[in-house]
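Colleague: All chains should be built: construct the whole structure from the sequences, respecting the hints.
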Amino acid sequence: MTTPEKILDQLRSQSKYLVVAESLTGGLLTASFAAIAGASDVLLTGIIAYDTRLKHELLGVSNQLLENQGPVDPEVAAQMAEGLRSRIASKTGIDSDQIVGISTTGVAGPSVQGEKPVGELYIAVSQAGTTKVFAHQLAGERGQIQNSAVLLGVGHLWDEITG
Numbered sequence: 001m002t003t004p005e006k007i008l009d010q011l012r013s014q015s016k017y018l019v020v021a022e023s024l025t026g027g028l029l030t031a032s033f034a035a036i037a038g039a040s041d042v043l044l045t046g047i048i049a050y051d052t053r054l055k056h057e058l059l060g061v062s063n064q065l066l067e068n069q070g071p072v073d074p075e076v077a078a079q080m081a082e083g084l085r086s087r088i089a090s091k092t093g094i095d096s097d098q099i100v101g102i103s104t105t106g107v108a109g110p111s112v113q114g115e116k117p118v119g120e121l122y123i124a125v126s127q128a129g130t131t132k133v134f135a136h137q138l139a140g141e142r143g144q145i146q147n148s149a150v151l152l153g154v155g156h157l158w159d160e161i162t163g
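Under full-length UniProt numbering, the sequence shown has 12 at position 12, and the numbering climbs by one with no breaks.
Simulated from the structure, these hints should not be mistaken for laboratory data. Bear in mind the structure is a predicted one, so any value in this text is a computation, not a measurement. There may be inaccurate statements among the hints.
To be verified - 27 Å max Cα-Cα, derived BS3-like pairs, lysine-lysine: (1) Lys16 x Lys132; (2) Lys6 x Lys16; (3) Lys132 x Lys116; (4) Lys91 x Lys16; (5) Lys6 x Lys132; (6) Lys116 x Lys91.
What the hints assert, rightly or not - Label pairs and their calculated CB-CB ranges: (7) Asn63 x Gly26: 31 to 41 Å; (8) Gly93 x Glu67: 28 to 38 Å; (9) Pro117 x Arg12: 19 to 29 Å; (10) Pro74 x Asp97: 18 to 28 Å; (11) Glu67 x Ala37: 39 to 49 Å; (12) Thr130 x Met1: 23 to 33 Å.
Think of the CB as a built atom: it goes at the ideal place given N, C-alpha and C, for glycine as much as any other residue.
Modeller: Listed below in C-alpha cells is the structure:
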C-alpha cells in the first residue's frame, strides 16, 4: 500500500476530508491521491493557484503578505492551506475541524524567483487547531524538484495525521 493510500485510509477512519492547495507542484500532489480508487470519499478538491493573484482570490492569502514577501514564503504556505480549508468548509457545510489541508509553494526553476533560489519550497499541513509549515531546499531540475516536493508533502501529511 502506498503512502497516499494509507493517508486516505487514515483520514477515512477519522471521518476527515482532504483539500490540496498547490502552486509549485502544479497538480501533482492532488493527482497522487486522485489516482487511488475511492479517493472521492476523502479528497474534496485540489486547487492549483499558480498565479500569485489567485493565491489571494481563491485561497484567501493576504494581499499584503504576497506584496511584501512574495508567493514563496512560509506564511503564504500556511495561509494557502488554512484558507482552502476555511473556504471549502463554508461552501460544503462540513465542519472545518473535519478537513485537513496541505499546500505547496516554492521555486521549481530553472530560474530564481526574486531573491528566492531554485529549490526553495514550503509545505504546510493544516488541521483542527494547528498548522505546521516545513521548509526545504532541494537541488535538481524542475521535474525532480516538483516530484520530490510531492514525496515530502505526502510524508509530512502522513506524519501530521498520525502523530
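Colleague: Looking at the structure, which of the earlier hints fail to hold?
Modeller: Hint check: 6, 7, 9 fail, others pass.
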